[in-house]
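Engineer: Position chains B, C and D against the provided structure of chain A, taking the given hints into account.
Protein chains: 4
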Amino acid sequence: MTFRTRFRYRFGDIDDAGIAYYPKLLHYFHCAFEDWWSDALGRPYALLMHEDKLGLPAVKLEAEFFAPVRYGDEPWVHLGVLRLGTSSVEFGFWMTKAKEAAPLCRARVLTAAVDMETMKKRKLPEVWREKFEGFLLSEADFPRGR
Amino acid sequence: MTFRTRFRYRFGDIDDAGIAYYPKLLHYFHCAFEDWWSDALGRPYALLMHEDKLGLPAVKLEAEFFAPVRYGDEPWVHLGVLRLGTSSVEFGFWMTKAKEAAPLCRARVLTAAVDMETMKKRKLPEVWREKFEGFLLSEADFPRGR
Amino acid sequence: MTFRTRFRYRFGDIDDAGIAYYPKLLHYFHCAFEDWWSDALGRPYALLMHEDKLGLPAVKLEAEFFAPVRYGDEPWVHLGVLRLGTSSVEFGFWMTKAKEAAPLCRARVLTAAVDMETMKKRKLPEVWREKFEGFLLSEADFPRGR
Amino acid sequence: MTFRTRFRYRFGDIDDAGIAYYPKLLHYFHCAFEDWWSDALGRPYALLMHEDKLGLPAVKLEAEFFAPVRYGDEPWVHLGVLRLGTSSVEFGFWMTKAKEAAPLCRARVLTAAVDMETMKKRKLPEVWREKFEGFLLSEADFPRGR
Chain A
1 MTFRTRFRYR
11 FGDIDDAGIA
21 YYPKLLHYFH
31 CAFEDWWSDA
41 LGRPYALLMH
51 EDKLGLPAVK
61 LEAEFFAPVR
71 YGDEPWVHLG
81 VLRLGTSSVE
91 FGFWMTKAKE
101 AAPLCRARVL
111 TAAVDMETMK
121 KRKLPEVWRE
131 KFEGFLLSEA
141 DFPRGR
Chain B
1 MTFRTRFRYR
11 FGDIDDAGIA
21 YYPKLLHYFH
31 CAFEDWWSDA
41 LGRPYALLMH
51 EDKLGLPAVK
61 LEAEFFAPVR
71 YGDEPWVHLG
81 VLRLGTSSVE
91 FGFWMTKAKE
101 AAPLCRARVL
111 TAAVDMETMK
121 KRKLPEVWRE
131 KFEGFLLSEA
141 DFPRGR
Chain C
1 MTFRTRFRYR
11 FGDIDDAGIA
21 YYPKLLHYFH
31 CAFEDWWSDA
41 LGRPYALLMH
51 EDKLGLPAVK
61 LEAEFFAPVR
71 YGDEPWVHLG
81 VLRLGTSSVE
91 FGFWMTKAKE
101 AAPLCRARVL
111 TAAVDMETMK
121 KRKLPEVWRE
131 KFEGFLLSEA
141 DFPRGR
Chain D
1 MTFRTRFRYR
11 FGDIDDAGIA
21 YYPKLLHYFH
31 CAFEDWWSDA
41 LGRPYALLMH
51 EDKLGLPAVK
61 LEAEFFAPVR
71 YGDEPWVHLG
81 VLRLGTSSVE
91 FGFWMTKAKE
101 AAPLCRARVL
111 TAAVDMETMK
121 KRKLPEVWRE
131 KFEGFLLSEA
141 DFPRGR
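Chains as they are written, first to last, in this note's numbering: chain A, 1 to 146; chain B, 1 to 146; chain C, 1 to 146; chain D, 1 to 146.
Among the hints, a few may not be true.
Identical chains blur together in the list; that is why a pair holds if it fits in one copy or across any two.
Computed list of lysine-lysine pairs in DSS-like fashion (alpha-carbon distance at most 30 Å, straight line) [unchecked claim]:
hint	residue 1	residue 2
1	K120	K99
2	K99	K123
3	K97	K120
4	K121	K97
5	K120	K131
6	K120	K53
7	K60	K97
8	K121	K99
Think of the hints as simulated: they come from the structure by calculation, not from any bench.
Next comes chain A alone, as it looks inside the complex (with noise of 0.2 Å):
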């Protein structure tokens, strides 16, 4: 299973070449990796963060840019899980036109679990583990541009 969301590609998120400016991309993946925490798995981030302490601050990413998204845009974009480790979550993204179609741009994202008052390393909650099993990705399945 995989998780996505829908968003409107925004009137200020838009370089001088008349295109998104990829560190926008970007943030849109991190946008699709906040709504999941809210709508897949039922604890906003903000409240993992602040109240449970734990953090997954990206260490290390992977992206491509296949296709320009443009302004008017509403992109779909998806989530899967491609590595599960003892601290660690390998995050899958791609952006899509319509919800089935090749992918626009892709990112995989490593990140570390951290206690967010020490910003040090801590294992991942069983908890949390479960759940993020729910969503594994094979890499035969993170799709690919064209």
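Structural biologist: Quick look at chains B, C and D alone, frame taken from chain A:
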């Protein structure tokens, strides 16, 4: 005396109309406020907030946009103090293409001195009031658009 | 009648004081303006600009910030039309935590109808003037802060 | 030879964890790329795109985040050319606190030379290829994290 600092208007700060997205113009004004602390007052705003526990959040602003700003522009932002209260300061900001040119946009931003720990209003410390007086700007000298 | 739309205030839209960076609040107001075109008027603003060659850039704005907005908030943004001129429209925006609550911030934004090819002022088309009339908001109904 | 340019990390470029929002770090890398055109190559990227109709959009990137960047930091961003193809250039960027310090983060960004009118790939002009050669950086000199 007014303070001025120069920026490069950035590739990603453009909207789908091909010109500056106006919330970004207010961001550049905030950057000028930060530069004023570092370069004119000799106390970086980060230290003022973190060590002195003093902040100056905006409570009200008025902005006017006279002419478009584009990617490739290297505008000057000017800052003056329009009004100094017991615990409030009103700043005037304006952006020009060349140092002495007509304004492309301007804003007056009313800020309140707050204690960063309680976020309650506090009296503006005398040391800063005196320094701010050096940047007082009369309404007549706050440049209008065409 | 006013228009309202709900947002998730995002993880990356925070400043170093731990609350909403105010230029971002104006960005959320612009997002509400875009949603109004798509959801209430039935003509996405991207098509209005690209196909009908009509745009409504801001020429002046006044904003007031009454209470902090934080990450995890899911605020409503409300939009009404405060004033309709021949070629100008003044919008009122305000943000609330719950649908009916007191405003966290508000802004009036004066826009000018322009031809997107020449960027010159033009008359507001009658078809839009009529639709905009349905969203007229009296000053008395534009909510003030505490 | 590598290029370097200094930034002030800004008040509004922070996330709710109190550190740099990582899409913003990639924005600072892009700003360094823009400064490189203006300051090292003598041709502002805006003119390259608008007059010479040449652009270098990112098609792929890999980023690593080694240590947090905070408000008040005044980091250096360094740029080198990791690989020069017929119509592609791979850049290496890294950010350091002081000029010679260990990297806080780094990214390799693969760009494709495109004609800005057709957005199709084109051969990198010889004049730029030669200039880019002056910034070639070996993998061994692209600094790794701790």
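Engineer: Each hint should be assessed against the structure and marked as holding or not.
Structural biologist: Now for the hints, and whether the structure bears them out:
no. : hint           : verdict
1   : K120 with K99  : between (38 Å within a copy, 27 Å between copies)
2   : K99 with K123  : neither (34 Å within a copy, 35 Å between copies)
3   : K97 with K120  : between (38 Å within a copy, 21 Å between copies)
4   : K121 with K97  : between (36 Å within a copy, 23 Å between copies)
5   : K120 with K131 : within (23 Å within a copy, 42 Å between copies)
6   : K120 with K53  : both (11 Å within a copy, 27 Å between copies)
7   : K60 with K97   : both (26 Å within a copy, 19 Å between copies)
8   : K121 with K99  : between (36 Å within a copy, 28 Å between copies)
Checked against the numbered hints given earlier, the structure breaks only hint 2 and satisfies all the rest.
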